[in-house]
Structure formats: structure tokens, C-alpha cells
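Asks: So the chains spell out like this:
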Amino acid sequence: MKYAIQVNKAPFDSMGSMTAWRFIKAARDSGHEILRVFFYHAGVENAFASPSGFEQDLPDWSSLALNEGVELVYCMTAAERRGKSSDAQLGGFKAGGLGLWVDACLRADRVIVFG
Amino acid sequence: MTKTCLFLINKMPESELILTETLDALLTFSAFDLKVSVLLLDDGVYLLRASAGHATDEHGLSRFMATLDFYGIEPVWAERESLESRGFAPPDATRRPRLLDRRELPAWLRQYAMVLGL
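So the protein lines, in turn, are chains P and F.
Under this note's numbering, the first residue of the first sequence is numbered 1, with each subsequent residue one higher.
Under this note's numbering, the first residue of the second sequence is numbered 1, with each subsequent residue one higher.
Don't read these hints as lab results, they were simulated from the structure.
Among the clues, some could well be false.
To be verified - With a Cα cut of at most 30 Å, we get these calculated BS3-like pairs of lysine-lysine:
(1) F:11 to P:84
(2) F:35 to P:2
(3) P:94 to F:35
(4) P:25 to P:94
(5) P:84 to F:3
(6) P:94 to P:2
(7) P:94 to F:3
(8) P:25 to P:2
(9) P:25 to F:3
(10) P:84 to P:25
(11) F:3 to F:35
(12) P:84 to P:94
(13) P:2 to F:3
(14) F:11 to P:2
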């Protein structure tokens, strides 16, 4: 089955991000395909280094992209609204727009939003 | 065949920023020729009326509903029980939504190819 995943929370203020990451790992282990992970709202914080003191037990998104080929796209506009620059994005992430999220939704069998 | 997409809003956006971004998403899905509807559930029904003391101000809320109107995103649905339990009936709302009963929801949701939450 093909999944499109949206993550709407920062990794340091909610378990939503970690739950999404674990779901993706489990889905891939079960043979499912993740078409794209789209980070929106405060979820764009996942694409940038977390504030100091929050480094423990955060989902390793970069590894998912760089080692397993999962496409990670964060909303560039949402990031800019939160003062984030693409110069500071973590490895494996790509900046993009909502159009990429719609595209993934249209191709997916299942769409899941982690808030 | 046009895909159907429901935005299910079951809480008040935490900030003006989230409200704006929700609107951005709604408009983007509409631009892709998807049939987009909105369902207000639980505290999401406060989008119909400003809530005192909430981070999202009245101007932002009316702008949200006005923008949905302007771009022809309709219908906006609301769950009857969510409205009633929060003490305001549809005639009090600045925009009258179509009403759904809670018991109708499970079957009604099945018509949508996608249901997206905040």
C-alpha cells in the first residue's frame, strides 16, 4: 500500500512526530511504500536542529531519508513564517510547497496526518 | 473523476498562523480540482464565531470564513451536537453551516476519498 504522511508538530513539543516516524519504520518493514512525508505547520521544525536540551529521543528523520530513501519535504513558506532558512535544514530534507503534498495525496492509497 | 477531500477541523487553531496555513491548504487542494468540503466538529465549531480569550482573533475568524465563501469552498458542515453542547445554535453563527447529526457521521464520512485533520 502507498502512504502519504503529513507531520504537523515539532519534535520537541509533542509525541506526534515520533509516532509518525515509528509508523513509517513499521510500514516499510511490512512492505508498504511511503510516497512522501510532508512537514507542515509547526512540523517544519523537524527539518531543523532542535533547541539545546531537546536532542534526546528525537526521531532520526535524516537517516530515514539518507539511508532508506524516504522523501522528506517541508513546507518552505511555513518554515519562513517561523524564521527558518533552508540554509540551516538538516540532511535529507527538501524544501517544497503544498502542491507536493497534494500530489502525494492524489497518488496514495492512504493519507495519514500526525498532529 | 474528481476526488473528494474533507478537511475535518475539530479544534480551534492555536494561532493566527495555523489558521492562515489551514486556509492555504484548503485553497491549494481546491486549485488541484479536488472537491473540497469542510466539517467543523467539537471545538472546531468555534470557527463560526469568535471565542473570547482565544489566541485567534475575531477578525481572523471572519476572514477565514469569508475566504471560503469567496473561493466557493462549500459546503461547510457542522455537527449539530458540537454546536448545541457549546451553547450556540446555528442561527447565532455568522455563517450558517449545513448540519449533520452525530449518528450520521460514520456513514457520511465514507463518501470522501480523503479526510484530513489539522
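Asks: Are the hints correct? Go through all of them and say.
Replies: Do the hints match the structure? See the list:
1. F:11 to P:84: holds (26 Å)
2. F:35 to P:2: Cα-Cα ~22 Å, so holds.
3. P:94 to F:35: Since the Cα atoms of residue 94 of chain P and residue 35 of chain F sit roughly 28 Å apart, the hinted pair holds (cutoff 30 Å).
4. P:25 to P:94: holds (20 Å)
5. P:84 to F:3: The hint is violated at about 34 Å.
6. P:94 to P:2: Holds, at about 20 Å.
7. P:94 to F:3: holds (27 Å)
8. P:25 to P:2: With a Cα-Cα distance of about 14 Å, the restraint between residue 25 of chain P and residue 2 of chain P holds, given a limit of 30 Å.
9. P:25 to F:3: Roughly 29 Å separates the two Cα atoms, so the pair holds.
10. P:84 to P:25: holds (27 Å)
11. F:3 to F:35: It holds: about 6 Å lies between the C-alpha atoms, which stays within 30 Å.
12. P:84 to P:94: holds (13 Å)
13. P:2 to F:3: holds (17 Å)
14. F:11 to P:2: holds (28 Å)
The structure fails to meet hint 5 from the earlier list, while all remaining hints are met.
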